[in-house]
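Q: As a plain string of letters, each chain reads:
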Amino acid sequence: MSSDKPEEWDRSRDEIISGEYVLGVLSAEDRRKVEARMAVDRRFAQQVRRWQTNLSGFNDGYEDIRPPADLYNRIERRIFGAGEARAPGLLEGIWGSVMVWRGLTVASLALAAGVIYFEGTTFLPGTRGKPLVAELSGKDSPINLVATFDFDSGRLSVVPAALKQNEPKSLEVWIIDEGKPPQSLGILPDNGNGEIIVTNEMRKSFTEGKTIAISIEPYGGAPGGAPTGAIVALGKTRFL
Amino acid sequence: MDELATLLGRVVLRDRAAFTRLYDLTSAKLFAIALRILRDKGDADEALQEVYIKVWRRAERYQPEQGSPMTWLAAIARNHAIDLIRARKPEASSIEEAFDLAAESAGPEEDAINASEGRRIDRCMQTLESDKAEAVRRAYVEGLSYQELADTYKVPLNTMRTWLRRSLIKLRECLEQ
Chain A
2 MSSDKPEEWD
12 RSRDEIISGE
22 YVLGVLSAED
32 RRKVEARMAV
42 DRRFAQQVRR
52 WQTNLSGFND
62 GYEDIRPPAD
72 LYNRIERRIF
82 GAGEARAPGL
92 LEGIWGSVMV
102 WRGLTVASLA
112 LAAGVIYFEG
122 TTFLPGTRGK
132 PLVAELSGKD
142 SPINLVATFD
152 FDSGRLSVVP
162 AALKQNEPKS
172 LEVWIIDEGK
182 PPQSLGILPD
192 NGNGEIIVTN
202 EMRKSFTEGK
212 TIAISIEPYG
222 GAPGGAPTGA
232 IVALGKTRFL
Chain B
11 MDELATLLGR
21 VVLRDRAAFT
31 RLYDLTSAKL
41 FAIALRILRD
51 KGDADEALQE
61 VYIKVWRRAE
71 RYQPEQGSPM
81 TWLAAIARNH
91 AIDLIRARKP
101 EASSIEEAFD
111 LAAESAGPEE
121 DAINASEGRR
131 IDRCMQTLES
141 DKAEAVRRAY
151 VEGLSYQELA
161 DTYKVPLNTM
171 RTWLRRSLIK
181 LRECLEQ
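Protein chains in written order, with this note's numbering: chain A, 2 to 241; chain B, 11 to 187.
Fair warning: there could be bad hints in the mix.
Stated by the list, open to error - Partner residues aside, some chain A positions facing chain B, computed with beta carbon under 8 Å:
id	residue
1	Gly20
2	Leu24
3	Ala29
4	Arg50
5	Gln53
6	Ser57
7	Glu64
8	Arg67
9	Leu72
10	Ile76
11	Glu179
Simulated from the structure, these hints should not be mistaken for lab results. Ideal Cβ placement from N, Cα and C applies to all residues, glycine included.
Whenever a hint applies, use it, and build me the whole structure from the sequences.
A: What follows is the structure in C-alpha cells.
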C-alpha cells in the first residue's frame, strides 16, 4: 500500500477494483494484476469472491442453451484420451437419481459411524453369547449393511455386508490429501468386521482435513492403485 | 444444489460418472455464458471444452463456504470467456500504479459468505439510476469492456469508468446494510 494515503482510501479502491474484475470490465493486463494480488492477499481474494457471490444473481440473465450433442465426448477425449469416451461404468446408472444418492448418504453415515458402543445392555435379553443381527437394505441402494449387537460387550457394529451387484465387488477406503491422488487404505472386509488395520507407513497420513472416501471396486480392490468405481461416500477428517 | 456440491466432491476423486452428471446438469448454463460473451458458436464450443477441463482438474478448489457450486462454475466460465475476448481486443489499463501487488490488506477476513447474498443484488440495483444499473448488468452479462460500454452509451471512457465505480460503491454500501 502507498503510505501517503489513508487506509480507508486503499480499501474502497480495492473494493472497486475487485468489483470491476468480477463485472469483467478490466483489460487483460489488469485482470492478471488482480489475480496476482489474489494469490498473495487473502483478504483481497475474499473481496473478489464476495462480489462473485453478490453479483451471481445476474447469472439468471443467461437463459440455458444446450451445447452441441457431441461436445461432451470431445471433452472426455481431451481429458481421458481417445477410445475412452463415454465408457459406461457398471454403476453409472445408480448415480442417476438424487434420491438414491440421498439414500446412500444415510447408509454411509452408518458406515462412517462404524462401531457404536452402547451404555449398558438395553436390547431385549436374547440368548447370551449369540449376537443379534439385522441386515439393513434400501430399495435402490447398492450396498447392504449388517448391524450386529453383541450382548456381552454391548457393542453394536454396523458394517457393509454385500454389494447387490451381479459380480462380487469390494468397498475400498481411500485417504486423500487435497490436490494429490487418493491413496488406498485397504478393502473393507466382507466378513462383518468393518475394521482395517492401517499400515505403519500410512498412519502418518492421518491428520485433520484429509478426505476419507469409499469407492466400489472390482472384487479384491482397484487393480491400478487408483479408484476406478463410483464413490459411495466421502468426508473430511476432524478431531472430535 | 446440494447435488452439485456432492458431484464436485466426487469429481475430486476422479469419479467420471459424477463428472458426466455434473456436465449434464450445468452445461446448458455455462454454454449460454460462453455464447453470450463470445458471440460466436465455434468459440463457445471450444471455450466450453476448456471450462470443463478446468473443472475436472480444479474441482478440489471449490469451497462450499464461499458460495454455491453454480456460482463457482459460472465464475470459471465467465472468467474464461472474458479472458478470451480481452486477449483478442486489447484495452487500456485502468488500474493505477499504487495498486500494490504484494501488499496484504488490513482488516478482518470473513471466510463464510452468506449464500443468499446473490439474491439481494436485485434490491440494491434499484438504488441506481436506471441507465447506470443497466450498464452494470450488461457489463456483467455480456462481458463488455469499459470502452465497449462507453461506445454503447455514447459517453466518454472516463465518464463510463466513473459511472461503474460509483455504482459499485453504492452497491457495496447497500449490500452491507
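Q: Are the hints correct? Go through all of them and say.
A: Hints versus structure:
no., hint, result
1, Gly20, "holds (4 Å)"
2, Leu24, "holds (5 Å)"
3, Ala29, "holds (4 Å)"
4, Arg50, "holds (5 Å)"
5, Gln53, "holds (5 Å)"
6, Ser57, "holds (4 Å)"
7, Glu64, "holds (6 Å)"
8, Arg67, "holds (5 Å)"
9, Leu72, "holds (6 Å)"
10, Ile76, "holds (5 Å)"
11, Glu179, "holds (5 Å)"
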